[in-house]
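In the order they appear, the protein sequences are chains W and R. Note that my numbering has the first sequence beginning at 59, numbered continuously upward. Note that my numbering has the second sequence beginning at 7, numbered continuously upward.
Please keep in mind that the hints were generated in silico from the structure rather than gathered at the bench. Don't take every hint at face value.
What the hints assert, rightly or not - Far from chain R, some chain W residues (derived; all Cβ distances over 12 angstroms):
1. Ala105
2. Glu108
3. Leu310
4. Gly379
5. Gly416
6. Met429
As the list claims (entries may be wrong) - Within a straight-line C-alpha distance of at most 20 angstroms, the following computed SDA-like cross-link-like pairs (lysine to any residue) qualify:
7. W:Lys316 <-> W:Gly138
8. W:Lys60 <-> R:Phe113
9. W:Lys60 <-> R:Asp87
10. R:Lys125 <-> W:Gly388
11. R:Lys125 <-> W:Leu81
12. W:Lys60 <-> R:Glu191
13. W:Lys60 <-> R:Arg124
Note that the coordinates shown come from a computational prediction; the quantities given were computed from them, not determined experimentally. Glycine included, C-beta positions come from ideal geometry on N, C-alpha and C.
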Amino acid sequence: MKVGVATSSATEALFSNPMRSLLTMLGIIIGVASVMVMMSIGEGAKAQIEAQISSVGANVLNLQPGNMNRGGRNQGGGSGRPFAESDVAAIGELPFVVAATGVLSQQANAVSEEANWVTNIQGGDAGFFEVNNWRVSEGREFTAQEVQGGAAVAVLGKTAAANLFPGGRAIGERIRVNSVPIEIIGILEPKGQSGGGGMGMDRDDTMIAPLSMVRNRITGGNRWVSRHVSRIQLLVQDGYDVMQAQEEVTALMRERRKISPGDSDNFAVVNFADMIKQRAAAAETMSMLLAFTAAVSLIVGGVGVMNIMLVSVTERTREIGLRMAIGARGGDILLQFLFEAIALCTLGGLIGMALGWGGVFAYAQIANAPMMVSPVIIATALGAAASVGVIFGFFPARRAAQLDPIQALRHD
Amino acid sequence: MTEVRPIISCRNLSKIYRMGDQEVRALDGVDLDIHAGEFVAIMGPSGSGKSSLMNLIGALDRPTSGEMWINGRALSEMSRDELADLRNETLGFVFQQFNLLARQDAFQNVRLPLRYARKDVGDIDARAKECLELVGLGTRMDHRPMQLSGGQQQRVAIARALSNRPSILLADEPTGALDTRTTDEIMHLMQDLNRQGITVVVITHENEVAGYASRQIHFRDGRIESDSAQPDLKRAAEPGQAAGGRT
Ligand SMILES: Nc1ncnc2c1ncn2[C@@H]1O[C@H](COP(=O)(O)OP(=O)(O)OP(=O)(O)O)[C@@H](O)[C@H]1O
Ligand SMILES: [Mg+2]
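Bound conformation, chain R alone:
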């Protein structure tokens, strides 16, 4: 493989939360490159810093120190508005709790990123419809979140994340609130999207979910403990363990 510029790149990334005189090192010097087209699963025990990393990659939060680049652009050099545009155009975010607007129906929820778009996005209604059809909800467009099952709500959220054709899809425990069968549906959908060229980063606790990914990264105490793309790193960290699953 020739050396190409990673689509997501982190160097010595740290996030420290200060609560009174207590310091929590949620991220502690993380170096990470993710290339276009990868399907990455991020795993690790609770509190290991997975969400903290995801929020930084999603341009929702700023690191305490270190630098990160998306598409080669350093986020530290971008203004609030530029970050908003990056979230709108390049990133699609899927949350564990779906985060749909309760008063708006599926169609309106999916349209929202397109309506905030500053560049020309073409026919907004047609695109929103297309995305809902892609996630298999073409017939539920006028349903409000309350009138949809959890899996359906998460699919609306995915359609919303997709609507503005992002190159990166970020999902923080997207199946955390769903049962096994729905989880499989959602992960299949993500896999399809990945095959279509979208870079996918998923946080999960479940090995089955991680199994859909082409690369698994394990976190512990704010550091990368193992990375299936860099087996050396893993061996260096924990020589005795077999590759693959952690429990």
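The following block holds chain W by itself, in its conformation from the complex:
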């Protein structure tokens, strides 16, 4: 087959009627644009989730009071009876626990000399920083002695620091929370957003302070549990089976909370990495669904291409007859129309890609998500468009190739 004639004839036909070509391409354009947006959003979410898993740590367990279903979705909202510091200590005794911390948190208004800022105040033990793999980038962390002594010191997250001290110098300065004066001793390295798609909270908008101080002077105690903590976080030794650890911690806490063997837990041990993985799986399902939608619009676009190609074959029947009369084989004609369909779809694919790129860019701006347009996505989008051309162009092209020369020539 003579590829040269086929390609030049095909491109010529494409540009001889630009408006019709464009309208025909519309389905492909939309399909490819959505394939691209879908894939890059999916890939962006995946990257973000991976980043979260690594920032949370795969072997951190969280204990929350209240009932939780097996899937890990919080049902009681932490409403159950809180834990006590003694629980944290007991967990810390477990051989596979590297570090543990209780956590008490509350939204509170912090006041510096320069500004007023509502932030999330978290009380923690000295192990908080190790468990959360969250270190100070400036200054220092508070010590176990300071936690014991209830020292009025705190470490600020990047965002809280920036808002309370727009001037920059924070370490050594004092702020007031509920009129309690607190000295800033460190700034945490940035952690970024939690939760996918830009919907999560800014984890850097926080302040970490010694647990006892936060309980005594900010949140207040609990009526039923003395020296309470609302959550416990623990870091499992590297190489130790996290599931196994989860079971052992559950057993210990059931014993400590005096739960009879038949009764269900009134607390939950959650592995955040698992939760994020589950969310990732959900996101994957979602993007599969969207990809399916995109595929449907590509198919609809393909049918449009097939339709216009059939029209084109009919319109150009005499031309086909003439080409056959001067020696074009059926295969030459087939290639010509197949190329035309492929060119139509690929051009539509390119336009769709430009459009999709714009969409991804806009999404990245709005959702504050990273922009993900990998070569794989581009290749997939273009490949999808070209395949649509091959699949839906073949039938009209074959019909053209099978025309009878004399009948085609006589066609009017």
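Please build the complex by placing chain R with the ligands on the supplied structure of chain W, with the hints as guidance.
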């Protein structure tokens, strides 16, 4: 003259068109031999089967029955692709309505058969230029059909038919859409080509056009009525008539 194999040969050739329960015998048992180097004019009233014969010789159509040979090859034994190659390499077709590609200029139109050629045809652009110069359109190569007169368009069509060096040039009323002066130009061109060795078969209604040919064949009702190469046949068919023209 020694007996040589004819370049075109038809035996008992029939073409029957069926439309509903009606049958049209466009060709009815035609026997015909045309030898290399001949210049044949085919004449006859409208509907007598001239175009039907030409389309069969041009390998554009298949007969209902009978057999034909081109260069000794039986067309009934050839595949679609082989017929395409025959049209490309051996035959050049010129139509009454020129049939040029409207979106392409003269040069591109003439190149087309060469681009479809499967055997090596050498420098395509040079050959296309040469053919256009041969028909006197060397300066109009970049004109589109719309920008050319009818006679010029037909000359482009002839250049296209010639481009792949065919041994047979078939023309179905090539001057049917042209005035007398242009007709003479086109026929002179055909005569020149014939002198260079190309076998030419022309369908025409005009006696002047037929006058350029070395052999005249008259058709009537799908049969050969007279053939100037076989005067016996003619006499047998219509004893009373003088040789030469019909009106
Ligand atoms: N495709 C077709 N379908 C049905 N009948 C046809 C077809 N083509 C030709 N015919 C019939 O076959 C007969 C011969 O037609 P043909 O075109 O060969 O005549 P012709 O001698 O070329 O006439 P003209 O001088 O008018 O061109 C006519 O009666 C015509 O009506
Ligand atoms: Mg005719």
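Run through the hints listed earlier and report the numbers of any the structure violates, in increasing order. Hint check: 4, 11 and 12 fail, others pass.
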